[in-house]
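> Guided by the hints, dock chains X, D and S onto chain Z, whose structure is given.
4 protein chains.
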Amino acid sequence: MTHRPQQFASDNYAGICPEAFEAMARANDGSASAYGEDVWTKRACDAFRDLFETDCEIFFVFNGTAANALALSALCQSFHSVICSTAAHVETDECGAPEFFSNGAKLLTAASPDGRLTPEILRALATSRSDIHFPKPSVVSITQATETGRVYSIDEVRAISFAARNLGLKLHMDGARFANACARLDCAPADLSWRAGVDVLCFGGAKNGLGLGEAVIFFDRALAADFEYRCKQAGQLASKMRFLSAPWLGLLESGAWLRNARHANFCARKLADAVEASPGVSLTFPVEANAVFLSAPPAMLDALREKGWLFYTFIGAAARFMFAWDADPAQVEALAQDIVEVSRTITP
Amino acid sequence: MTHRPQQFASDNYAGICPEAFEAMARANDGSASAYGEDVWTKRACDAFRDLFETDCEIFFVFNGTAANALALSALCQSFHSVICSTAAHVETDECGAPEFFSNGAKLLTAASPDGRLTPEILRALATSRSDIHFPKPSVVSITQATETGRVYSIDEVRAISFAARNLGLKLHMDGARFANACARLDCAPADLSWRAGVDVLCFGGAKNGLGLGEAVIFFDRALAADFEYRCKQAGQLASKMRFLSAPWLGLLESGAWLRNARHANFCARKLADAVEASPGVSLTFPVEANAVFLSAPPAMLDALREKGWLFYTFIGAAARFMFAWDADPAQVEALAQDIVEVSRTITP
Amino acid sequence: MTHRPQQFASDNYAGICPEAFEAMARANDGSASAYGEDVWTKRACDAFRDLFETDCEIFFVFNGTAANALALSALCQSFHSVICSTAAHVETDECGAPEFFSNGAKLLTAASPDGRLTPEILRALATSRSDIHFPKPSVVSITQATETGRVYSIDEVRAISFAARNLGLKLHMDGARFANACARLDCAPADLSWRAGVDVLCFGGAKNGLGLGEAVIFFDRALAADFEYRCKQAGQLASKMRFLSAPWLGLLESGAWLRNARHANFCARKLADAVEASPGVSLTFPVEANAVFLSAPPAMLDALREKGWLFYTFIGAAARFMFAWDADPAQVEALAQDIVEVSRTITP
Amino acid sequence: MTHRPQQFASDNYAGICPEAFEAMARANDGSASAYGEDVWTKRACDAFRDLFETDCEIFFVFNGTAANALALSALCQSFHSVICSTAAHVETDECGAPEFFSNGAKLLTAASPDGRLTPEILRALATSRSDIHFPKPSVVSITQATETGRVYSIDEVRAISFAARNLGLKLHMDGARFANACARLDCAPADLSWRAGVDVLCFGGAKNGLGLGEAVIFFDRALAADFEYRCKQAGQLASKMRFLSAPWLGLLESGAWLRNARHANFCARKLADAVEASPGVSLTFPVEANAVFLSAPPAMLDALREKGWLFYTFIGAAARFMFAWDADPAQVEALAQDIVEVSRTITP
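First to last, the protein sequences are chains Z, X, D and S. Each residue of the first sequence is one higher than the one before, counting from 335 in the working numbering. Each residue of the second sequence is one higher than the one before, counting from 335 in the working numbering. Each residue of the third sequence is one higher than the one before, counting from 335 in the working numbering. Each residue of the fourth sequence is one higher than the one before, counting from 335 in the working numbering.
The set of hints was computed from the structure by calculation and includes no laboratory data. Keep in mind that the hints are not guaranteed to be accurate.
Said to hold, decoys possible - When the alpha-carbon atoms are kept at most 35 Å apart in a straight line, the in silico DSBU-like pairs for lysine-lysine are as follows: (1) Lys604(Z) x Lys641(Z); (2) Lys641(Z) x Lys376(X); (3) Lys641(S) x Lys604(S); (4) Lys604(S) x Lys641(D); (5) Lys604(D) x Lys641(D); (6) Lys604(X) x Lys604(Z); (7) Lys641(D) x Lys641(S); (8) Lys604(X) x Lys641(X).
Quantities reported herein were computed from a predicted structural model and do not represent experimental measurements.
Chain Z with its partners taken away, still in its complex shape (with noise of 0.2 Å):
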C-alpha cells in the first residue's frame, strides 16, 4: 500500500518502531483499569523517574501541541506572557494552542539567527515592557533540539535557565526531539533536563517511534498540582491509558528511545556530510541533530522535487529533510546522490 521510495519531509512521517509495537501488543491483554490504573502506565512512569534519576511527575498525553500548551497553561495565567524564539513551534505551528489552553497568554517572540533563545534575548524581552498593559512575563520556552535542528549545550540551558529563574520566570523545554538532543550530546537526560534548571520537559515520543504520545514530565512536582483535572479537562486523558503508556515503556526499556535518535542524528549526519561540498548547496544550520537544512537556488529544489523528493521550504526557504528512527541509509544515500547530480547540473 505504500511502497512508494521513503520520504524524509517529516519525522512524523515514519511508522510505531518494533519496540513500541510490542510493547502495545503485550498490553492488548484482557482487560485493565481504566484511565491509568494500571500495570503499565505506572511502570511507564516509573521507568521515565529512572531514565531521570528523579522522583518527578509524568503525564501522559496524546500529542505535542497539547503537551506544551498544557504545560504552558501549568506555568502562567491569562495575562501572563511566553517568552519563546520566533521560530519556536509553539508559535508558529500550534495554531494558537498556547493562547487557547491559557486563554490568551501573549507568545513574546525574539528572532535569532538560528532559532534559538540566549540569556540576553531573553533578558531583553521579559524586561522590555513593565506596565500592566502589556502581559507580565511568566515563563520561557525553549525547544530542545530546536525546530532548526541545533542543540543547546548542557551550559547553554543552564545560562538560560539562570537568568529565567533571576527574572522570576519558569522554563519550559518542548522537547519533541529530546531525545535526539540526548544522542547528540551523550548526556544523561538529567543533565540536560532538571540539573541544568528545566521546570517542565515534554518529552517527544511521536517523533522519536510512537505512534502517538507525548509525556509531560515535571521535575518540580508543586507545579503539577491539580494537573491531572487539567488533562482530563482538556481532552487528554486517556479512557484505556494502557495503549498510550505501554508503548512508552517498550521505548524506554529496550533503550529504543535512544537508539533510535542516533540513527535519525547518524542518517542527518550522512546526508549532511554527502552534500555540503557540493557547489551552489549548503547547509543553513549547523547539523546537530535529525535534520538538514539545505540552502539552495530554486531552481536546484525544483530539480530535486522532479526527482520525486519531498520536502519543506518554510523556514528561510532552505530545504528541510527531517530523519526518524525508520531513516533507510540506502535511501538516505539516494537522496545525497541526487542532490549532488542536481548540483552539479544546474548552474546557480
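Just chains X, D and S now, kept in the frame of chain Z:
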C-alpha cells in the same frame, strides 16, 4: 500480567479488538504523509460515508471528552447554553470540558427518571429564561445509548430533533455507545442519526473496540467550517494520523463495529436475564444496550465485592456492569451466579 | 422627563446619590493621571482600609458581574468549581460570566429554602465527588445580603468560612448589598468580612448610590497577586479612574454608604410591616435587608400591576420590591396602601 | 486639589467635558429602568443612527479595551487571527484582551514606518500561511486616528476594506480617536466608516470628553447577533445604563463630540507649528490628529522633564504629547516655549 479474572466495571477495561489491531499493524508499513494526508485516513472517512449513506465530514480525535467538547464548541458561543440531561456524560464526567472548550457555555440540565431527555423537558428548559442575564440555549445534547443503558428509539430522536429545530437549536449526539444503540435497534446508522435530525454525532471508538479515538461526524457540512483548525488548536490533530484512522477502517470494513456492539449487548442481556428474578435484586433501568444497573441492598453489594467483583455505584447507588466486545460469556455467567447466590444468602 | 411615579422593581432603578455625585463633580477638576495614579483613587482606597480596619487591597471595577467573575477567577483554575446557592446571582443572572472569566470553572449549586448556604450544604456539595472526572471545588461564594433579602449573621458567616477552610476552599462574598447587611446587623464591616473569614469581598456600589462601579477587596493580599493585570486584560481598568473612585470616596467619607443602606432597609421594613397582616398576602422570606418578597394569588398581583406598579416575579413567583437610597416613603406608603386594598378586594 | 499645571502626557488626563457632565446630571433624575431600557439610552442610540445616517446597532461599554476585544471576539473564533499593525493598541496596550475575550485568537502584526496598515501589508500577512497549523485570518483591525497620530484618508480606508473583503476578512476600526479623524478630514462619519467598508467601529468616548465609555457600532447588523449576551457575560452591561449613555447624548446632541476633537487637533497643530523649526527637534510623524511626537536628543528630553513636563516615550523613543478637549492654549504655548528654549540651549 493480567491474569486476574475479567471485570465488568467499565467498558474501558477492554483491550483492542483484533480487527482494529490488525488494521493498525497493516498501517505500520513504511512512511506516510502526516496530519491525515494518508490513504488510511481517506479510506476510513469514505468508510464512514458509506456507513452513513451520506457525504458527511469526519474528524478523528483522541477521546470522547474532546469529541463532545469540540463538537459542542462548534455549535455554540461562550454565552450560549447546552441543554442536556443531569445524567449526561458531558455534565457529569468531563470535568468541565464543554465549558472549557467553549470558553464558558453553560450546561442546562434537567433530571429525568432514566437519564433521557424528552421534547417536553427540552422545551421547558429552553424556554425557562429569555433575558440576556442568562445564557441563551443554542444546542441540545443527547447520549445514545444513554449513560443509564437506555436507547432512544428512532421516533424519540426524531421528536427531540423536531422540538430542537422549532426552538432554533442544533442537535448533538454523544454516541460513545452509538454502535450499541444501532445493534439494539437493528437499524441503519443513517436512520438513527441524520435522517432523524442529528446535526453532529460523536461516534465512540474506545468503547467499541479501539485502543483510543472517536470520530466527530458532521452531517451538516456548513457546521464543520474550519473545524480542522479547531481540532488542531485544541491539541486534537494527530501527526501520524494513520494510527488513529486505520483502526477505524478495521472496525468498519470488517463489520466488527456492529459485531462488537451486539456481543456487548448480548452479554448485558444475558446477565440481566439471569439475575432479574433474584429476590432483593432489581434492574434499575431497562437493559437495552451494554449496561446493567442493579438495585440491591448495600449488604448484597458488599458481599459481591467480597467475592472479588469490581463495579461502580455512582448512579443512584445502583451497581453498574458494563460489557464490551471482549466480554467472556463464561465470566458473565460466573458473575450472574454470584449475584444469584448473594441474593439468596443475604436477607434484604 | 421621568415624572412617572417612583418604582421599586429594582434597586438599579435609583439614580446617583448626592454625596457620590458631588464627589464626582469635585474630581472633575483639571487634568489628573490616568489608570488609578490620581489622588482620588488613593484616597478612596485608604477610605476602604479605614472602613475595614485593615491593609486590604482594593480594585475598582465597572460592575458587579465583572467584580464577582474576576474575583472568582483569581480563586480558581478552569478545572475547579465554585460552590454556591441555586439562587446566587453568579449562577442565575450573570450569563455565565464566572465560567467565561475562569475559562470553564463550573458552578456547583445547592438549593435551600431561602437561598442561603449552610455549612452542611457546603460540605455535602464539596465532598460529593473526588475523582478527576469532575471539577474540583476551590471556592465558596455567598451573597450578603442574599438575593432573597436575607442576611447571614456574623456567626453564620464564620461557620461557613470555618467549613470552607477545613475543606481547603476560599470564601468569596458577593456583597452587591453588603452595605444593607451591615446596616441590618449594625456591625463593623470588618466583623462581617475578614474577621469572619471572608477572603475576597465584592462591595457593591451601584445598589448603594453610585451610578456604576464595584470594589473588589482582597483581605488576603497574596490572593491579589497580579490582579491589576487581570482587571486590565478583562477590560475592567478605567483610564480616567478618578471618575470611578471619587464617587466611592463621596460615599465612604460622608457615611452615605451606611445611611443609604439604612434608608433602603427602613423602606423595605416599612412596606413589610404595612402589608404582612393583609389576607392572602404573606412575606415569602423574612425581611432583613432592602427587599420585600410577597407571596400572593396571581389575581392580586395582576390587580397591583393594573394599578401601575412594576415588579418582577422571578423567584418562586413572589413579587419582589427593592428599595434604594432614594426610595420615597410616601411612595412606599402608596404602594403599601394599594397592596392592602388589593388584598381586601380580591378573594384569594 | 489639582492645581498643578496642565499636562499633556495623555488624553486620558482630561476631565469630563461640560456637555457630557450636564447630560449625566440631567439623567440623574428619579428612577429609570435598568440595563438600557431607559429613555436616555434609546435617545443616545438614535443620535448615533442620525450621526451615521444608517440604522446601525449600538452597544455602550465601559472602556476601549473591552470595546475592541468584544468587537473582535464577535468577528473571530479562537483559532482565527486578527491582522493589525505592530503599533496597534490591541497589540501593545490591552494586556492580551483580544486573546482573552476570543479565547485564543492570535494577532498577526506587521510593522510599518508610521503604524498604519496598507492593502499590501495586509495581503502579505493574510496570505503568508494557509495551513491548519497556524491561525486563519478572519478580521483586519485598523486604528483611526492611529496610535502615531496619523489619519487614514477615506480612500485609504476604502482600499483596505476592499483588500480585506477580497480576502474574506471583516474590517474593525478602533476609533478611540475617531472623532479626531473626522475633525481632521472634515468628513461625514458615515463616509469614514460604513461607506468606506468598515464593519464594526469602536467609537471612543473617554478621549472625546466622557468620563468613561465607548460605543461599539455594528454597521452590518448580522454581525451584532447576540452581542448583548456577549456584553453581559463579559461584565460590560451597565445596570444603571443611563449614566453610561446620557453623556454620549450630551456629546452628540450638542455637537461637542466634533468641537472637542477639533480643539484637541488644533492644539496639537499649534504645538507642532511652534516647535518644528527648532534645531535638534523634529516631528516623528506628520501631525494629523491630536498627537505630537517629537524626536529629539535624550538630553533635550531630560531638560524638558526637568522643567516639569510629563510625557511618554514608548514609541520609538519619541516624546509624545496628546491633547484633549480641555487643553489650555496658554499651557500649550508654555510647553512650546520650553521646547524651543531647550532646543536652543542643548547642543545635540
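> For which of the previously enumerated hints does the structure constitute a violation, in increasing order of number?
4, 6, 7
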